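Sequence lines, in order, name chains C and D. Using the numbering used here, you'd call the opening residue of the first sequence number 6 and step up by one each time. Using the numbering used here, you'd call the opening residue of the second sequence number 216 and step up by one each time.
Any given hint could be a false lead.
Just the calculated beta-carbon pair ranges, DEER-fashion [stated by the list, open to error]: (1) I418/D with F25/C: 56 to 62 Å; (2) A129/C with N273/D: 31 to 37 Å; (3) L248/D with S69/C: 53 to 59 Å; (4) P360/D with G33/C: 38 to 44 Å; (5) L248/D with G51/C: 24 to 30 Å; (6) R268/D with H225/C: 49 to 55 Å; (7) R268/D with T252/C: 46 to 52 Å; (8) R194/C with R337/D: 37 to 43 Å.
Bear in mind the hints are in silico, worked out from the structure with no lab data behind them. Quantities reported herein were computed from a predicted structural model and do not represent experimental measurements. Glycine included, C-beta positions come from ideal geometry on N, C-alpha and C.
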Amino acid sequence: MTLDPHAPPILDVASLHKSFGAVEVLKGVDLAVRPRELVFIIGPSGSGKSTLLRCCNRLEEPSSGSIVVEGVDILSPRTDINAVRRRIGMVFQSFNLYPHLDALGNVTLALRKVLGSSREDAAARGRAALARVGLAEKAQSFPNELSGGQQQRVAIARALALEPAVMLFDEPTSALDPELVGSVLAVMREMREAGMTMVVVSHEMRFARTAADRVVFMDHGRILEEGPPAKVFGQPDHARVREFIATIEH
Amino acid sequence: MEKLAETFFNVRVMAEYAPKIVEGFFLTVQLALVVVLTGIVAGLALAAVRSFRLTAVNLLIVVFVDVMRALPPLVLIILLYFALPSVGIKLSGFVSTWLALSMVLAAFAEEIFWAGILAVPRGQWEAARSTGLSALQTLAHVVLPQAVRLTIPPLTNRTIAVTKGTALGAVVAVGEILYQAQSGYSFSYNPSPLTLGAIAYLILFIPVVWFGRWVETRFAWKR
């Protein structure tokens with residue numbers, strides 16, 4: 006996997022601030038994600054990781070700063086946010102599959118309603134996306150008939166089917182039983198090898214070590230340290246990072 | 216015993232007024248159908264509008280809903296039928312009853328649908344919006360299909376309750392079952408037409424009650 010350091014970033018976040026009432030959750034975050042890069046965000050709870058991710062597709066409205074996706078300023082009032090969002094896939098901790106639709110229905114809803122694909126076309130692309138996450142034979146299963154790991158893979162397929170430019174993962178394995186985590190991480194690894202640009206908030210340190218191009222450590226609404234996994238996990242500059250990694254790994 | 220049968224089940228009187236009751240039966244069916252249709256559609260529309268959380272609009276909706284739920288439907292019918300003509304609006308008894316009951320049903324239905332919409336987890340909205348669906352598309356394809364299922368049992372009960380209010384139309388000369396039964400009673404001095412009316416109501420509403428129960432089990436939500 007080669008990253009082009011000169012390629013313009015797919016996702017460019019600059020001096021991002023976000024407050025909930027009087028509480029400032031993000032205090033000026035800068036983060037540029039290049040094509041094909043896998044950026045891994047770690048940090049203690051309440052450090053603003055999820056909020057940062059949720060600002061990137063405006064599920065949360067930033068207080069100030071700028072976010073540019075594929076050259077489009079997504080905070081501009083002239084931007085069609087729905088058009089931008091289909092370029093940004095998102096995977097949630099709690100899967101959020103639609104319980105009234107089967108797996109294929111979950112994957113094809115946006116294809117039909119957002120991209121305007123015909124039913125047959127959407128079904129073909131939906132099946133391809135399900136096959137990619139290893140669930141081709143579960144197309145007719147409803148979410149309550151699937152394990153947590155399978156549900157999360159359907160959720161990944163739902164985002165993948167739209168062929169996004171970047172995928173955001175918000176603690177994708179935190180709600181899973183330990184034995185189901187592997188299947189989801191395997192799918193994520195396959196996506197990375199296929200060249201998907203990804204931003205992952207997670208506590209799966211072993212996955213971060215082997216799959217991430219860059220690890221970002223957030224603390225109190227700021228990026229405290231970032232670098233290649235070997236550096237951040239091996240010889241971090243900040244004692245705070247060292248302490249956090251020690252607590253996570255034991 | 217014989218006197219009782221003579222009073223309440225007088226075959227001669229029943230035979231005489233049966234055609235009128237049948238006429239009333241079909242009028243009640245018509246009235247009930249338009250009330251259910253208008254009330255539920257309006258209630259759903261109000262709940263959908265409310266989900267966009269526009270403060271001023273929502274205030275209006277809440278005021279409407281609370282007033283309609285607080286007023287006895289009969290008061291509303293009489294207001295529409297007897298009070299509106301004084302400002303130049305003349306509504307027939309049928310239209311007055313239809314409007315009044317529809318507004319009451321719309322108010323209750325709105326509250327029920329709204330509760331259903333609130334019961335759908337926020338993550339459903341977020342997942343749908345994150346794939347590029349608009350707020351309206353999310354409501355239509357993701358939230359309402361789930362909300363409506365949750366609302367079917369309470370909605371069925373409320374619909375049955377409001378629909379039975381069609382009998383109130385008798386007060387404003389709508390020729391529905393109760394009106395026909397009452398006039399039969401006053402012409403014949405025998406309550407048998409009222410018995411017949413009660414039977415007509417049972418024939419009409421027992422299947423509706425059964426249908427409600429079937430719908431409840433049919434749409435029982437498995438998670």
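Okay, the hints, checked on the actual structure:
Between I418/D and F25/C the CB atoms are about 59 Å apart, so this pair conforms to the stated range of 56 to 62 Å. For A129/C and N273/D, the hinted distance range of 31 to 37 Å is not satisfied, since their beta carbons lie about 42 Å from each other. For L248/D and S69/C, the hinted distance range of 53 to 59 Å is satisfied, since their beta carbons lie about 56 Å from each other. Checked against the hint of 38 to 44 Å, the pair P360/D and G33/C passes, with Cβ atoms roughly 42 Å apart.
For the hinted restraint 24 to 30 Å between L248/D and G51/C, the CB-CB distance of approximately 56 Å leaves it violated. For R268/D and H225/C, the Cβ-Cβ distance of about 32 Å falls outside the hinted range of 49 to 55 Å, so the restraint is violated. A hinted range of 46 to 52 Å for the beta carbons of R268/D and T252/C is inconsistent with their spacing of about 41 Å. Checked against the given bound of 37 to 43 Å, the beta carbons of R194/C and R337/D, roughly 30 Å apart, lie outside it.
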